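For this one, chain L is given, so just place chain A on it according to the hints.
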Amino acid sequence: MGGLPILSLMLFVPLVGAIVCLFLGAHAARVTALVTTIINLALGILLWASYDIGGAQWQFVESQPLFAGFSYALGIDGIALMLIVLSVFLMPVCILASWDGIRDRVGIYMSAFLFMELLIIGVFAAQDLFLFYIFFEAGLIPMYLIIGIWGGDNRIYASYKFFLYTLLGSVLMLIAMLWMVNDAGTSYIPILMQYDFAPGVQNWLWFAFFASFAVKMPMWPVHTWLPDAHVQAPTAGSVILAGVLLKLGGYGFIRFSLPMFPDASAQFAWLIFTLSMIAVIYTSLVALVQSDMKKLIAYSSVAHMAIVTVGLFAFNIQGLEGAMIVMLSHGLVSGALFLCVGVIYDRLHTREIARYGGLAINMPKYAIFFLLFTMASIGLPGTSGFVGEFLSLAGIYQVSSFVTIICTTGIILGAAYMLYLYRRVVFGLQRNEDAAAMPDLNGREWLMLAPIAAATLWMGIYPESFLAPMRQDIAVLDARLARVAPEYDSAIRIGTPRPSAANQVTDEHGAAGAGDAHGAAAVANGGIAGEGAH
Amino acid sequence: MDFGNYLALIAPELLISISGLVLLLITAWVGDSAARPVSILAALVLGVACFMVGPALLEGAAGPDTSAFAGQFRADGFAAFAKMLIYVSGIACLMIAPPFFERLGAMRAEYPVLILFAVLGTGIMVSSGNLITLYIGLELSSLAAYVLASFLPGSGRSAEAGLKYFILGALASGILLYGMSLVYGFTGTTDFTLIRAAMALELSTGALFGLIFVLAGLAFKIAAVPFHMWTPDVYEGAPTPVTTFFASAPKVAAVALTVRVSLDAFGLQADAWRQIVIFAALASIVLGALGAIGQDNLKRLLAYSSINNVGFILIGLAAGTPQGASAVLVYLAIYVVMTIGSFVAILMLRDAEGSYVENIRDIAGLSRAKPVIALILAGMMLSLAGLPPMFGFWGKFVVFQAAVQADLILLAALGIAASVIGAFYYLKVVKVMFFDEPAGVVQGRSETGHWVLLIAMAIIVSPLGYLLTIPLGLLADRAAVSLFLLP
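Heads up: the sequence lines are chains L and A, in that order. Residues 2 to 535 in our numbering are what the first sequence spells out, letter by letter. Residues 348 to 834 in our numbering are what the second sequence spells out, letter by letter.
In isolation and in its complexed conformation, chain L is listed as follows (with noise of 0.2 Å):
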């Protein structure tokens, strides 16, 4: 691993750009934001090349006590890895994004999203429960100036309604903290993930992390914040939202809900699948009849995090390697959708679907970008989208087939509402001359959306680049929760075999020893098959 603390790098770089920025001009400021976030992604990649797959759990440990109470301790997995990867993938995107748009200012913005990105990495990468709590909150403050000054006309209600709504759901989170390391004597998260937590207690633990969690995430019936914030946004501050931001919610399960309290997790799976199928149906006819472009993807995440979550309690590995796919893909495809419909916000000044039409005649590298875009989302194989999903639901079936056959209706109603938009906003008749009008993508836009697709359609041909550092992470969640994992009711059943084939005839004067073999060879598989199946 070497002597460089990357991680503690990776949060100073965003630090010292974030302070530079708001002494800076717009245009300097511009300037400084991407060069510090593709330094970022430089390291990013660094990460991800030294990281051992396969070695130990936790690497590039870090450790100072700085502070009294909590300690300044930093530390990854894969699961991690990966989402600080599609962070710092997703910043320099983020900042070419608003290369333009944003002209008001700049030097304020460029620092609020250099202090978000590095307030996601300290929440990955923090190996403290406090000091992921900091990073966790402290990340509200960013966004809540980015939607309240940048936003669209109705922002200063968005803003306050992100703000207020997150925030409530996450300060029982700290209570529930405080208990957990007065109890366990710690506050290092790889310890708690192994402390087992009286049964009864960890339901009230459990329920403070999941208001939190699930607010993030955001979960039926608490994701009313998302669509507002979304639509009110500038684009990119829509792309972290859906791209990172909300990672959280799934990390927060994975990495807290799941290892720390197994017992009540298993227990309330029925709510969580409850809330994740309402939401997979509901939201996805919600998404249906949206005539604005970005609600109608805030509702998209909205079914697309149910996935998420139905396969995280599906306790397995492929509802949780599905889960995390999903996230991960969620980010890329989210994001660059995000990113399209800023791409024509910026000619138009309209999110309206029914003002644009037929952009394939007069745009079309740019509707075939948001083809590919459309495509992942709905889970076409060949994208990202279809890994996850398939894995996910995969991993659930073994659980539930009931829950199964409704989340994957929503993904029928997925190509519904994405198709359906695709059609309006691409195809059929020019209606206005505006939007005829509209001259295709300029070369900072292919740079935004080129390096998107690409890490989409590589995790949909190849994902086991990404499966791979998370393998080893994943075996150890799924070995903490196969105390509590649920029966399957799609399980097969293997029963005991006959002695001999139905239609042997029996040969008495044959040789009675080798039949005896048979027989007792087929009791031995019987009896495995049988504790098996136990």
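What the hints contain is simulated information worked out from the structure, not anything from laboratory work. As the structure is a computational prediction, the values presented were derived from the model and not from experiment. Be a bit skeptical, because a hint or two may be false.
Ranges between beta-carbon positions, derived for each pair [as the list claims (entries may be wrong)]:
#, chain 1, residue 1, chain 2, residue 2, range
1, L, Leu47, A, Arg792, 45 to 51 Å
2, L, Asn433, A, Thr795, 55 to 61 Å
3, A, Gly796, L, Asp347, 45 to 51 Å
Quick reminder that beta carbons are idealized off the backbone N, C-alpha and C, glycines included.
Below, chain A without anything else, positioned relative to chain L:
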């Protein structure tokens, strides 16, 4: 112990009172032209006093050696911690005042002297080991404070603030005295240690009434609900430097005094006062937050914010443990920094005519006109709201940690949930400064002294403040333990 040792223990008080008298004579002879030199001298005196309480603070002095005059005066680590905060806020209030009053043509040399006497009184409050000492300290600081509140001649609001503070303060003193007389009547002593011993076995109804009245009188001084009504009016009416003083030094002293009385004198009857403290804590948090929402004056808003914050402080007291007392001290330290920072930032806002801006509407769009002040004020607000990564979060953190460790989980959960209400109006200030269109009211330059103070406070409140958590926690722990090691 001989008399000389006693004098050594009260050395800071001796220094302040003698210098206060000397400076008073100077002002009497030289007149108002001596205002600035006297301010500087007063600040120097407080600076020296800081060094005098330093050793007791650092070593966490405790035990019989810290008790002077037969237990009437305690110079232990707890008192030293509180005094350090009081002296530092006294210095800050001396620094910010001259430019303010000179601009209004009202700078008088009595201001620093009054501040010195108020500081002296608050110092005696936190050191009291006897109900009589408590009352002397309280009245000394209050009488100085009444005059300070009405320090602006010709200002109706200032006079109103002074009068209101005086009448309600006198009422509170009456309640306190009544409680003290009951306690004395039923325990036969005014000494904290002896009261504690007398209450060890049982709490007679009369003594319980005494306890309640004493706590009610103290609740008035710390502005806890339901004895908070005077706070917004006094904060709004008093000149801003004086408001800064009210929100810092006397607040620290009253809270520290309440902690000492509750944990020392009434320490063995914690069940009797805990429910009162819990009620006051939750009511202060909720009412402080709800009351602030409708305010359009920044000083009134900060008054409600102080009510709100006192609620959180009382959660630490409700825990009734050394951790709780330590948490209260840590919270107080951070609170003083945030309060001084916020008021200094407000003091730096003036309109075209040079008069001070106090209305929230007038700071709309401040982030364009005065980006640095706006950013720092926003940081102060978020910190007062207790949002990480600002340092204000740490105060709430330790308080809630103490409550959870004392098994008051429901209290902690309710308190933190109610803190979300408070977040709303702090965010409103940020919103007005950053989201709204500029009102163009705030103009002009600010004094260097203000800048120095503001930036110093901003650095502490910023996430860099977390580097202070270890020394701060250590000092507060030692100070809190000294409260439990009875002389």
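Against the structure, the hints:
1. Leu47(L) <-> Arg792(A): 45 to 51 Å: holds, 47 Å
2. Asn433(L) <-> Thr795(A): 55 to 61 Å: This hint holds: roughly 59 Å between Cβ atoms.
3. Gly796(A) <-> Asp347(L): 45 to 51 Å: holds, 48 Å
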